[in-house]
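Hey, can you work out the whole structure from these sequences and the hints?
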Amino acid sequence: MTSQNGAGRNGFDEDAASELVVSGQARQPGRQHDAFGAGGTGDTSGFGRLVAPVPVLESSQRPFGDADADAVYDALERAFPQLGEAVERVVHDRGELTLYVRREALTSLAQTLRDHPDLRFELLSSVSGVDYPDDLTGRRLHSVAHLTSMTYRRRLRVEVSVGDDDPTLPSLTSVWPTADWHEREAYDLFGIIYAGHPGLTRIMMPDDWIGHPQRKDYPLGGIPVDYKGATVPPPDERRSYS
Amino acid sequence: MTPNSGTATSQPYEAGYAESADGRVYTVTGGDWEDILGHGEQDAERIVVNMGPQHPSTHGVLRLVLEIEGETVTEVRLVIGYLHTGIEKSCEYRTWTQAVTFLTRADYLSPLYNEAAYCLSVERLLGITEQIPERATVIRVLVMELQRIASHLVWLATGGMELGATTAMIFGFREREKVLDLLELITGLRMNHAFIRPGGLAQDLPDGTERAIREFLADMPKRIREYHKLLTGQPIWKARMVDVNVLDAAGCIALGTTGPVLRAAGLPWDLRKTMPYCGYETYEFDVPTRLEGDSFARYLVRMDEMGESLKIIEQCLDRLRPGPVMVADKKIAWPAQLSIGSDGMGNSLEYIRNIMGTSMEALIHHFKLVTEGFRVPAGQVYTQIESPRGELGYHVVSDGGTRPFRVHVRDPSFVNLQAVPALCEGGQVADTIVGVASVDPVLGGVDR
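Sequence lines, in order, name chains S and Y.
Under this note's numbering, the first residue of the first sequence carries the number 804, and numbering increases by one thereafter.
Under this note's numbering, the first residue of the second sequence carries the number 190, and numbering increases by one thereafter.
I should point out that these hints are in silico values taken from the structure, not numbers from a laboratory.
Using N, Cα and C, we set each Cβ at its ideal position, and we do this for glycine too.
Among the clues, some could well be false.
As the list claims (entries may be wrong) - As a list, the in silico DMTMM-like pairs of lysine to aspartate or glutamate whose alpha-carbon atoms are at most 20 Å apart: (1) Y:Lys-462 with S:Glu-925; (2) Y:Lys-520 with Y:Glu-319; (3) S:Lys-1019 with Y:Glu-281; (4) Y:Lys-462 with S:Asp-871.
What the hints assert, rightly or not - Some chain Y residues near chain S, calculated using beta-carbon distances under 8 Å: (5) Ile-269; (6) Arg-313; (7) Asp-636.
Printed below as a string of structure tokens:
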């Protein structure tokens, strides 16, 4: 924990951090903060507890140290022989297992996850889009599916990333019909195109809306407000700290 | 835009205009179903009926497009989005604590569930789940179960009204008002409380809370018996609901439907039991289920759930021990110590004296937390809890900053609404009203 052994404050090793990625989002090496954003100096309270191990672009090491996650991954290896090609990386973080899946393999993997007796992810809880404009792989749009196995009471996250220029990935509606509205929402708000969806139309915004409002480069909007002679700028133009 | 020229424009529904002394006058004509459908003799009976988006019999601004043949509904399409306010996007421009105030407004009949699910997510991202004080967790369970009763009572009231049972409406709203009084006593607000915060609660229970809740607990079982007397055996109520809008468990799971609808189809899937959070595994309660899968079964499940919630509330009261309601970590805990001052609610004088006169550290913490907030280590979590309508999930992503990078609400109403066509197609128009009511959608949560 000292700078004598080459590691920075709070055990942060700047040499090993040349390629730091948080769920695909680039972070500048060496910009590690504590709760109040203090870096190498400034915070004299000795508070280092909020410094997190930043997930890297590599997979988590197995075993994950979590019986459920290991069981899911073991079963998946048995049930889906092409797993190595289908999955780019596997991250186990905060007790949750995430599979980063190539879009070509998504449908067959999803079918296996739902039907295999050792997996049985019967319920697709949610599909949500996330926009990482600084994604190191260049595929900024992520479609994140959360699966629930009611039989084994486990959860699994399946994440697929696509680029702005070709935002297409296969729809999950053929495996889980409930994906219908979830995918319409992700299409509407992020512009992710789900091939094979029965009716991929806007669901939140009006049909003739232009743009995808929840992308990071889509402005929040808002107007400045006058208050007793001062002007309060709209939320997205106020000072931000992070 | 073309001058009025009869019907011979290239776009059939383009607004035409004519010049007049008062300026240009536009003529907007609607589409004619005859032109759109172009149907022949065989489906001359087919009519497309629009219901909503402001129909009094729909829960909020929901629009249904029904295709009917005679009295039979052949196709139902739901149109949502009329209440979309961009809550998820707005959260990305606020601190982690401020986001609670937005998210509580998503599903406005169960705001405390929104707050709890979001705060549990943030706490997991921070890695402080274990440090949340016992008292805060017990109070969270207490207010959530109070709200479950309130939410089911609104369902009873509005659902009853939609079937013409106006007494059910009066009864439901009457008792719901009592729950709201309790929540007002505890949180200061009837709805949209922003009471549960990352790290704990905004403030502790005020004096007299326990007595007020115990009075409510003593009164409520009588009221539930009253509802049963009024409705459960009533022939009209049963005729409208029994064997109507049936959906079996397999259909529910395929369509993602959870909550009372799934439990009424026979599957005892309740996240409080199956994937416990907030210490629910230590409370004694049952998960009511029915096998029929029809609207009447959903009614009975909700009625029974109110009774189970009363049991949990009682256990919460017995467990309440004095203690803090906010995490001890001063870099996360919201610093304000609220009290009633001469000019309304504000920081207590004692607290102001402390930060201004005694503790420089406390002043710094107050200033930093209120202006920029705390940072949350990068990563993502998905937390699901059992709201009155089913699985309420929060997918929260942090990039390591003072603001949420992304918050996605998996709202049970949004998902359950997808089942409405499966419930209503093939039934009568009047059963469609029952079908939508039996799912209990709240459009604030659907559209967010």
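Structure-based check of all given hints:
1. Y:Lys-462 with S:Glu-925: With Cα atoms ~18 Å apart, Y:Lys-462 and S:Glu-925 stay inside 20 Å; holds.
2. Y:Lys-520 with Y:Glu-319: Holds. Y:Lys-520 to Y:Glu-319 sits at ~16 Å (cutoff 20 Å).
3. S:Lys-1019 with Y:Glu-281: Holds, at roughly 9 Å.
4. Y:Lys-462 with S:Asp-871: Distance of about 18 Å is within 20 Å: holds.
5. Ile-269: holds (6 Å)
6. Arg-313: holds (6 Å)
7. Asp-636: Holds, because the Cβ-Cβ distance from Y:Asp-636 to chain S comes to roughly 6 Å (cut-off 8 Å).
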